[in-house]
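*Asks:* Sequence:
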Amino acid sequence: MKGLLHDKFIKGLCFLLLFSMQSWAQSFNVSPGVVRGFAENIISVSIEGWDCGQIQVRTDNGKMKKVGACRYMLIPQRLGIANITVSKVQNGAVIDLGVKALTVDGTSQAARVEPAGNYGTSRPGKEKVPQGPRFEASFAGKVSGELRRRVSFKNRKIILLSDDSKALTAASIVSFRLVLISGDVLQYEKFLESDELDTESLQTILRQKDNVKILFTGIRVRYQGKLILLKDIEFELKS
Numbered sequence: 001m002k003g004l005l006h007d008k009f010i011k012g013l014c015f016l017l018l019f020s021m022q023s024w025a026q027s028f029n030v031s032p033g034v035v036r037g038f039a040e041n042i043i044s045v046s047i048e049g050w051d052c053g054q055i056q057v058r059t060d061n062g063k064m065k066k067v068g069a070c071r072y073m074l075i076p077q078r079l080g081i082a083n084i085t086v087s088k089v090q091n092g093a094v095i096d097l098g099v100k101a102l103t104v105d106g107t108s109q110a111a112r113v114e115p116a117g118n119y120g121t122s123r124p125g126k127e128k129v130p131q132g133p134r135f136e137a138s139f140a141g142k143v144s145g146e147l148r149r150r151v152s153f154k155n156r157k158i159i160l161l162s163d164d165s166k167a168l169t170a171a172s173i174v175s176f177r178l179v180l181i182s183g184d185v186l187q188y189e190k191f192l193e194s195d196e197l198d199t200e201s202l203q204t205i206l207r208q209k210d211n212v213k214i215l216f217t218g219i220r221v222r223y224q225g226k227l228i229l230l231k232d233i234e235f236e237l238k239s
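Numbered by this note's numbering, the letters in the sequence shown go through residues 1 to 239 in order.
Because the hints were derived from the structure by calculation, they are not lab data.
Just so it is clear, the structure is predicted and the values come from calculations on it, not from any experiment.
Be aware that one or more of the hints could be misleading.
[Said to hold, decoys possible] Each computed BS3-like pair below joins lysine-lysine, with the alpha-carbon atoms no more than 30 Å apart:
no., residue 1, residue 2
1, 65, 166
2, 190, 231
3, 209, 190
4, 88, 157
5, 65, 88
6, 213, 190
Throw the hints in and build the complete structure from the sequences for me.
*Replies:* What follows is the structure in structure tokens.
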């Protein structure tokens with residue numbers, strides 16, 4: 001009897017070990033490998049031979065939410081590394097497949113936001129070139145550079161630019177996220193459903209020391225019933 005139980009135990013242990021090895025050996029992909037700190041980044045996650053609806057993803061750095069088929073929005077809250085744990089759901093059980101370490105950079109070259117599109121219909125694979133007008137945001141007449149306390153904040157609005165003047169009259173900025181960073185430390189963050197700074201965010205900016213980074217991220221434009229995500233704009237505060 002003891003021998004029979006022992007054999008069953010060994011077989012069960014071998015099955016679990018084999019199942020675990022197969023799970024961890026299953027190929028998965030997370031891209032891009034470099035993301036921008038404190039900003040909205042769209043990352044793609046896929047598991048070979050597995051449906052997007054049966055994938056779960058989590059991170060140890062910041063906020064993350066699903067925004068489309070196999071696509072997630074990641075907002076890292078510190079520079080360095082963001083570990084992305086990828087899991088699959090099988091027969092009601094969540095099985096971890098592995099971890100991908102993404103580099104979290106503080107430079108504008110690391111920003112990975114989609115220039116346009118509807119997240120609900122996005123799918124991984126070859127990126128399509130956006131059709132139609134191109135939009136860009138500016139603040140105080142600039143898209144980058146320095147903002148001076150005394151002159152740059154007389155107008156609080158983010159101004160929309162486009163290569164199509166007709167489209168510009170039909171488009172509007174509906175929301176954005178303001179982020180203030182000193183070195184690699186997050187000083188302030190606020191989401192605004194507007195095209196301009198509110199009193200609180202403006203006063204917070206003016207209280208900051210010189211060289212604080214001012215980042216306008218997650219800038220969304222409504223055009224022809226769709227939301228378009230614009231490229232971030234970044235500045236440095238000066239006296």
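*Asks:* Taking only the CA atoms, is the gap from residue 65 to residue 166 under or equal to 30 Å?
*Replies:* With Cα atoms ~34 Å apart, residue 65 and residue 166 exceed 30 Å; violated.
*Asks:* Is it true that the CA of residue 88 sits at most 30 Å from the CA of residue 157?
*Replies:* Status violated; Cα separation ~44 Å.
*Asks:* With a cut-off of 30 Å on the C-alpha distance, tell me whether residue 65 and residue 88 pass.
*Replies:* holds (16 Å)
*Asks:* Is the Cα-Cα distance between residue 190 and residue 231 30 Å or less?
*Replies:* Holds: residue 190 and residue 231 sit about 18 Å apart, inside 30 Å.
*Asks:* Is it true that the CA of residue 209 sits at most 30 Å from the CA of residue 190?
*Replies:* Distance of about 18 Å is within 30 Å: holds.
*Asks:* Decide if the proposed pair is consistent with the structure: residue 213 and residue 190, CA atoms, cutoff 30 Å inclusive.
*Replies:* holds (14 Å)
Figure legend: structure checked against the earlier numbered hints; hints not met, in rising order: 1, 4.
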